[in-house]
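Trainee: Sequence:
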Amino acid sequence: MKQATGSNASRFTNKVSIQQSLDGHSFSVAGLEWILPGGDAVTVEVLTPRTLLVPAELFDAAEVSELLASAGMACGEGQRAVWSAPAPVGPKTAAVAVMVVAAEAAQLIDERLGDRAVFTTPLLEKTTDAHPTVRLELRGGILYIKVFAGTLRMAETIPAASEADIRYLVDRLGRAFPLEEMRLLLSGADAKKMRKLIGSRFKKVICES
1 MKQATGSNAS RFTNKVSIQQ SLDGHSFSVA GLEWILPGGD AVTVEVLTPR TLLVPAELFD
61 AAEVSELLAS AGMACGEGQR AVWSAPAPVG PKTAAVAVMV VAAEAAQLID ERLGDRAVFT
121 TPLLEKTTDA HPTVRLELRG GILYIKVFAG TLRMAETIPA ASEADIRYLV DRLGRAFPLE
181 EMRLLLSGAD AKKMRKLIGS RFKKVICES
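My numbering puts the first residue of the sequence shown at 1, with every later residue one more than the last.
Read the hints as simulated data drawn from the structure, not as lab findings. Treat the hints loosely; a few may be bogus.
Claimed, not checked - Computed beta-carbon distance windows for the label pairs:
#1 K193 <-> S17: 17 to 27 Å
#2 A85 <-> Q107: 19 to 29 Å
#3 E33 <-> E57: 36 to 46 Å
#4 R80 <-> R172: 46 to 56 Å
Stated by the list, open to error - Below, in silico cross-link-like pairs of lysine-lysine (DSSO-like), each with a Cα-Cα straight-line distance of 27 Å or less:
#5 K15 <-> K196
#6 K92 <-> K193
#7 K193 <-> K126
Built from N, CA and C at the ideal position, the CB exists for glycine as well.
Using the sequences and the accompanying hints, generate a full structural model.
Mentor: This is how it looks when you write it as structure tokens:
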């Protein structure tokens with residue numbers, strides 16, 4: 001249907017999102033219809049709890065299946081692994097993110113974008129904070145957790161469907177790290193809500209815009 005007024009030009013983008021359901025049985029691909037043919041690289045952000053960070057110097061594309069299997073994330077039937085370019089995740093630290101997605105979603109990306117696709121994940125977001133820091137971002141029912149204490153100490157993606165889940169995960173985090181001595185860096189649309197929920201556990205809370 002043709003629009004009576006306005007233009008679709010402003011809707012064209014260079015970013016696509018793949019969101020895998022938490023049970024792994026369904027997925028959505030958003031933004032692909034607004035990608036212009038040809039041109040520059042397109043960022044494809046993958047939202048899935050089956051995400052693994054691998055030190056860049058140890059990553060070998062030929063060993064992706066073994067890496068995922070050793071982490072308990074082996075691809076099942078109808079699934080495929082995709083991965084990012086090496087990216088800085090902290091001071092002097094770079095990593096490659098390996099993600100398990102529906103093979104159908106990956107095929108859609110291949111057919112439309114080819115080698116223009118650049119895969120990424122919220123787990124690759126970098127913090128330049130020199131202080132011991134916990135970085136949390138809630139996206140699509142997934143809690144992205146990164147802990148810095150001199151270097152990257154932890155990077156996990158864990159399903160968190162409710163506030164109770166978030167409190168439980170932070171409680172477990174507090175058993176491994178001295179949260180009361182650390183800064184909490186919150187990102188995403190739920191940052192302010194999460195600050196009220198768990199901010200009192202930390203020395204200082206920063207909400208990124």
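Trainee: If a hint holds in the structure, say so; if it doesn't, say that too.
Mentor: Verification of the supplied hints:
The hinted range of 17 to 27 Å is satisfied by K193 and S17, whose Cβ atoms lie roughly 21 Å apart. For the pair A85 and Q107, the supplied restraint of 19 to 29 Å holds, since their beta-carbon distance comes to about 21 Å. For the hinted restraint 36 to 46 Å between E33 and E57, the CB-CB distance of approximately 38 Å keeps it satisfied. For R80 paired with R172, a C-beta distance near 31 Å fails the hint of 46 to 56 Å.
Proximity of K15 to K196 is assessed by CA-CA distance (about 31 Å); at most 27 Å being required, the pair is judged violated. Proposed proximity of K92 and K193 is contradicted: the alpha carbons are some 32 Å apart, above 27 Å. Of the pairs offered as hints, the one joining K193 and K126 holds, with about 22 Å between alpha carbons and a cut-off of 27 Å not exceeded.
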